[in-house]
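Engineer: Position 348 of the sequence shown, counting from 1, maps to 348 under the numbering used here, and the rest follow consecutively.
Among the hints, erroneous ones may be present.
Pairwise CB distance ranges, derived in the manner of DEER restraints [claimed, not checked]:
(1) Leu90 <-> Pro40: 28 to 34 Å
(2) Asn156 <-> Lys212: 37 to 43 Å
(3) Tyr182 <-> Arg337: 43 to 49 Å
(4) Lys2 <-> Tyr184: 18 to 24 Å
(5) Tyr184 <-> Ser257: 22 to 28 Å
(6) Lys2 <-> Lys218: 31 to 37 Å
(7) Thr79 <-> Gly217: 43 to 49 Å
(8) Thr79 <-> Phe302: 42 to 48 Å
(9) Trp342 <-> Ser257: 45 to 51 Å
(10) Asn292 <-> Leu90: 45 to 51 Å
Everything labelled a hint here was simulated from the structure, so no lab data went into it. Just so we're clear, the structure is a prediction, and the values are computed from it rather than from any experiment. Beta carbons: idealized from backbone N, C-alpha and C, even for Gly.
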Amino acid sequence: MKKVLVTGAGGFIGFHLSRKLLANGYDVVGMDSLNEYYDPNLKYDRLQALGISKNNISYNQKAVGSSSFAFYQLSLEDTDKVAEVFKNELFDCVVNLAAQAGVRYSLINPHAYVESNIIGFLNILEGCRHNQTCHLIYASSSSVYGLNTKMPFSVNDNVDHPISLYAASKKANELMAHTYSYLYAVPTTGLRFFTVYGPWGRPDMALFMFTKNILEGKPIDVFNNGNMLRDFTYVDDIVESISRLIPKIPQPDKNFSGHEPNPSTSPAPYRIYNIGNNSPVNLMGFIHEIENVLDKKAVLNFMPLQPGDVPETYADVTSLFDTIDFKPQTEVKDGIRNFVEWYLDYYKI
């Protein structure tokens, strides 16, 4: 497990994971399209922190970077180029974090989700299949739980009722991964992330938007009139979990029963895990913590529950802890303070 591909390396989680793996002695190859879904300058600055200068990036050309971190600007939908990178690099492990994110954005731009999350993921699976990749880890989402109301959400529960195309694309990833694990013995691990937040976060996420608007004296939209519970999960806990899972190559479940199938395991080398803080926080409490750190009150614009959103998320992380002897544990107040300190420094406020 010496060489790891991290797709979405210019993104929020991909940046943090790349930095973590480099510190742990891995050779990391990053891949990212650096699209304009949000300010690409933030992505370039993340890459700069990894040692890749914006001026050195040349689209679809040979990777740039040092011997320990190299980078390709490349879209996962580019079938031929992705296949070429896999053939040339021969990765030991692939961590696929590249995706078109956002529940609400999927309501207005559905094609982006099929192109990136379905076609792009197929190219990743094909690359792993044809180049004997030892382990594929990929990002799924808590959104796959959809209409489920039994709490906490368990990987042992059925997730056949997504309520956004984003969630459906992530469920499709899990199904596609299982097919490749079963047909071609590609070991795959799917990770259902629960509301990840922290420094270098995405501008379209709640903590970023709330902080920005509170500082600027602008109203913040509070959906479902504030009656939301979210299992906010700090990014360092996410990447610690991923780094521990890299050597945990899934094995076939000898106890798997087709009569009563467990959705999280298989007779193939396939696993699904939740990665969440296992401690839901009320949205209004989350906002109050931001106000406390900023020492400034928010102007609240209460709104109804938006299409595609669920009112509550809550992760059962039993199987994750059993596998890696670790579970997310950062308290929200500490994570928010870390984010705000980064935000004020990054934007020179």
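Engineer: Against the structure, test the hints numbered earlier, and report the numbers of the ones violated in rising order.
Structural biologist: Violated: hint 6 alone.
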